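> Here are the chains, one letter per residue:
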Amino acid sequence: MTNIQEVQREIVNEFTLFDDWMERYNYLIELSKDLPVIDAKYKKNDYLIRGCQSKVWLNAEYKDHKIILTADSDAIITKGIIALLIRVLSNRTPQEIINADLKFIDEIGLKQNLSPTRANGLLSMIKQIKLYAIAYDAKEKKN
Amino acid sequence: MTNIQEVQREIVNEFTLFDDWMERYNYLIELSKDLPVIDAKYKKNDYLIRGCQSKVWLNAEYKDHKIILTADSDAIITKGIIALLIRVLSNRTPQEIINADLKFIDEIGLKQNLSPTRANGLLSMIKQIKLYAIAYDAKEKKN
Amino acid sequence: MSFDIDKIRNDFPVLGEKVYNKQLIYFDNGATTQKPSPVIEIINKYHSKLNSSIHRGVHFLSDQATNDYEDARKKVAEFINAEKSSEIIFTSGSTGSINMLAFSFGEKFVSEGDEIIITEMEHHANIVPWQMLCERKKAKLKIIPFNDEGILQTESLSTLITEKTKLVSVIHISNTLGTINPIKNIIEIAHRQSIPVMIDAAQSIQHLSVDVQELDCDFLVFSGHKAYGPTGIGILYGKEKWLENLPPYQGGGDMVDIVTFENTTYNEVPFKFEAGTTNYIGAIGMAEALRYIESIGLENIGKYETELMHYATKKLKETGIVTIYGNAPEKASILSFLIDGVHMADAGMMFDKLGIAVRVGTHCAQTVMQHFNIDGTVRASMSMYNTKEEIDYLCQTIHQVKAMLS
Amino acid sequence: MSFDIDKIRNDFPVLGEKVYNKQLIYFDNGATTQKPSPVIEIINKYHSKLNSSIHRGVHFLSDQATNDYEDARKKVAEFINAEKSSEIIFTSGSTGSINMLAFSFGEKFVSEGDEIIITEMEHHANIVPWQMLCERKKAKLKIIPFNDEGILQTESLSTLITEKTKLVSVIHISNTLGTINPIKNIIEIAHRQSIPVMIDAAQSIQHLSVDVQELDCDFLVFSGHKAYGPTGIGILYGKEKWLENLPPYQGGGDMVDIVTFENTTYNEVPFKFEAGTTNYIGAIGMAEALRYIESIGLENIGKYETELMHYATKKLKETGIVTIYGNAPEKASILSFLIDGVHMADAGMMFDKLGIAVRVGTHCAQTVMQHFNIDGTVRASMSMYNTKEEIDYLCQTIHQVKAMLS
Ligand SMILES: Cc1ncc(COP(=O)(O)O)c(C=O)c1O
Ligand SMILES: Cc1ncc(COP(=O)(O)O)c(C=O)c1O
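Chains as they are written, first to last, in this note's numbering: chain V, 0 to 142; chain U, 0 to 142; chain F, 8 to 413; chain R, 8 to 413.
It should be emphasised that the hints constitute simulated quantities derived from the structure, not laboratory data. Just so you know, not all the hints are guaranteed correct.
As the list claims (entries may be wrong) - For lysine-lysine, the following BS3-like pairs were computed, each having C-alpha atoms within a straight-line distance of at most 30 angstroms:
hint : chain 1 : residue 1 : chain 2 : residue 2
1    : V       : Lys-129   : R       : Lys-246
2    : V       : Lys-126   : R       : Lys-81
3    : R       : Lys-145   : F       : Lys-248
4    : F       : Lys-248   : F       : Lys-81
5    : R       : Lys-144   : R       : Lys-115
6    : V       : Lys-62    : V       : Lys-129
7    : R       : Lys-52    : F       : Lys-29
Quick caveat, the model's predicted, so the values are computed rather than measured.
Produce the entire structure from the sequences given, and follow the hints as far as they go.
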């Protein structure tokens, strides 16, 4: 499996194909459709990452020393971005996630979506994923 | 006796002789020395017009339908300006004072001293003189 | 006077900017308006030639700044037809004004069991300060509801008022629904029971003529930055008889008379309420903005903005895929809507990239959203410098957004 | 780094102005400082190209303004070496900051019989808010005295502190006496009894390096406009552990999480303390001013200003007709004095007409005047752009004033 760096490079390459924002969004919309549906039981407030404008539900499971992420959002473009995040971060070890530098977000022009303005939960989502990773990492070391 | 307008014109004429501010101040300092000394019994807090930077004491008496003003200040230039005010406003009827438009202050460049910045009591002093005039006028009409 | 839209647009340099290579369309005027050149220039001039602290100085610059600051106060008084300029208090903004009033009025007049009445369509700025006061004083907040059209149910006010009611505080124009509330009527009803009324004019001062004496409101607040002026400055108007009786809000320089450790006495109104170095450059900039409004004519502005609103409403409806929230007959140029089946956040992101600045979310009016049981809306709020062409482009874009997102 | 006074003076356009046909000499920096070109320009740029309300927008301009605003917060944090930028709250000024703290801290931690300790040399901004709090809560204000040299009697602090003491609030540099107080020592003494300390850094932030972590102060305040930045903006720094525990001060937009009429929850720190549309342009301008200070170097500035102070002190003494108030060995470039036998108001008026802007009066520190039993002083407060030549001219003028007035 390709590592986090490589996947990010892949994504950046994919996005260089697009000439304008509408194409990029179209692609994100496509990606949103492929996002594996999160188990209904996780679409509850406990799993909700609060954001002002769109809701994001996130679940993390730990299997074979790897973190498996599933998520959903009520907004489609947000969901597309989530799909990218999951492609990069899911099925990784806690250490990989902790150390991940998510440059691709900036490089494909989505940095804005992580600014404090965009209260759409993405920034909180990344924070939450990193927190999961730290927690599983600590657990691992204890065992 | 010359009326309020005429006295103001006189003062303005006197001030046109001066080339610079130091000369004007010198003249005000001279005037301050001529200000008839206010009776010591009026140099008390009751007669004090509060200002931030200099103190002004003011007394008004009513004689022969005219208001006689006496005043003092602990600051010399302020005292000089007071001398001008008294020259214009003392020994006038309440009505004259009420209607007085003290243009000379602006015309000789002392308007600043009446701005809310100059918390030296001059603005309050004029207000107080007008209040005296209104009060004596009302009393007059009642009698 | 004719309304020369090209000239007006030219007065606002930011309108010439591009974003993402698209001509900027600024429809976020409810949040903050852009600044015309005279306002930009006077601030510039102040910073470059005149800056000096006010009131306490005895030097030229300080005199000048003080005079200009006090002239600004007079300009504001004139603009809302206050009886005296001392009834105008400069604050940090509408929020600062309402908090000042809630504290000062609350300290003096509100105790356990008392009631404050607001409406269901308030901006948070006119909810939370009263909630905080009510919590501190164990008082109660009561609500005038609105109906699904966005019309305030004014008739309920007389039944809400009890002998415990201490103040009624009402938004003049809803920043979310656009509704222009019948404040004159509300003030009359409250005054019949001798209850004072505060008007939140943050969205109305730049749109229609507000005459505090004719309205007979007791307090009125608005912000500089929503009326083409700078940020960090706002107004609390209060009738003299109230201001004389309210305790100060903040303590500090300029608001005092004599300070000793044993006892401090306060300066007169309005200075009693202006502690510390005020934002005098903001105040001067704000007055310049009001002058700019006058130079165009508030009546012309209101007429033009209403025309834009009607046009936009018609056009939005014609798309056939938009739901508008707030359909009161008396409405300002604020349009809240959702594209059917499209999440507001998605719509907002697309509008942005197409050069259109709209606001998306609850617009600091969560109780309005709760009324309609929605998470938020897209809001296009239009100003004197917006055009029908811009509205046309917005409507085109709505179709594009819809096509992509569903 | 060399200190290029000509270049610095060139950066401040106002310094080239004339008043009454005389070259302006600006010695009123304790009241407010002048603005360098980068500050003027960024404000101009914001008004002309970028202006947009922050935090809630989803469009380009709003993103940009939000980022710049949050960067400004980071810059301020860096400047005072705060651990986290969330410990920086933007307020309307020092006065706003102290009032915020007095209210929020007071609501939570002060009750009947409790004590707050300040000093005899505070600015009114650090007296009146505590007096108002004490009155509301029936608490008590206690005073650390200073001696006739203007030196704080720090040794009295340990005896003033009791188990009822809730907070110590101290001016770092006296705006009247110029005294630099030993705040590190004060903080240590208070902390030994676990009492938090607030530092009023309004006069120090632009003069010497302030490191909140090294000082270990709990709160610190200062104003933008006294540190070469715009009016209407200031800072309240608070340690995270405190800010997390204090209730909000003002209610409104942005400071909330969920608003319902039944219950409102608040946003996280620092937003909890920033209600409404903040003065984001002010904040951005302030950060630019701090950057300007850094570009000159705070150490260079401090050294130069201290040199000016020593020079001015020597020269004033040499006139033989001046009494200086405030003769502490640790002193900033603030000089309060009286010309023997000359009323300060007369002196102020003459200085003004000779082009010199000084302040005359109590400098919002009436308790200092009460200490010396005087009505006020003439204050010349010097900044990095002042020169020895200006001081020479001031001293010449003093002789002239004396000659005319006595
Ligand atoms: C109706 C209304 N009231 C109050 C406010 C608060 O104004 P500010 O954020 O300028 O304090 C706003 C603006 O958001 C508003 O629209
Ligand atoms: C020491 C000190 N504290 C507080 C203040 C108040 O600052 P501001 O007026 O900017 O709120 C000042 C300025 O006058 C000051 O010198």
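> Please verify whether R/Lys-52 and F/Lys-29 have alpha carbons no more than 30 angstroms apart.
holds, 20 angstroms
> For V/Lys-62 and V/Lys-129, compute the direct alpha-carbon distance and say whether it is at most 30 angstroms.
Given pair V/Lys-62, V/Lys-129 holds - Cα atoms ~16 angstroms apart, limit 30 angstroms.
> Quick one, are V/Lys-126 and R/Lys-81 close enough, alpha carbons at most 30 angstroms?
Roughly 19 angstroms between the alpha carbons, so the hint for V/Lys-126 and R/Lys-81 holds.
> Would the pair V/Lys-129 and R/Lys-246 pass a check requiring their Cα atoms to be no farther apart than 30 angstroms?
holds, 25 angstroms
> Is F/Lys-248 within 30 angstroms of F/Lys-81, Cα to Cα?
Within the cut-off at roughly 19 angstroms; holds.
> For the pair supplied as a hint, R/Lys-145 and F/Lys-248, is the alpha-carbon distance within the 30 angstroms limit?
The given pair, whose Cα atoms are some 28 angstroms apart, holds under the 30 angstroms limit.
> R/Lys-144 and R/Lys-115 were given as a pair; does the straight-line alpha-carbon distance stay at or below 30 angstroms?
This hinted pair holds, its Cα atoms lying about 11 angstroms apart.
Every hint, counting from the list given before, is met by this structure.
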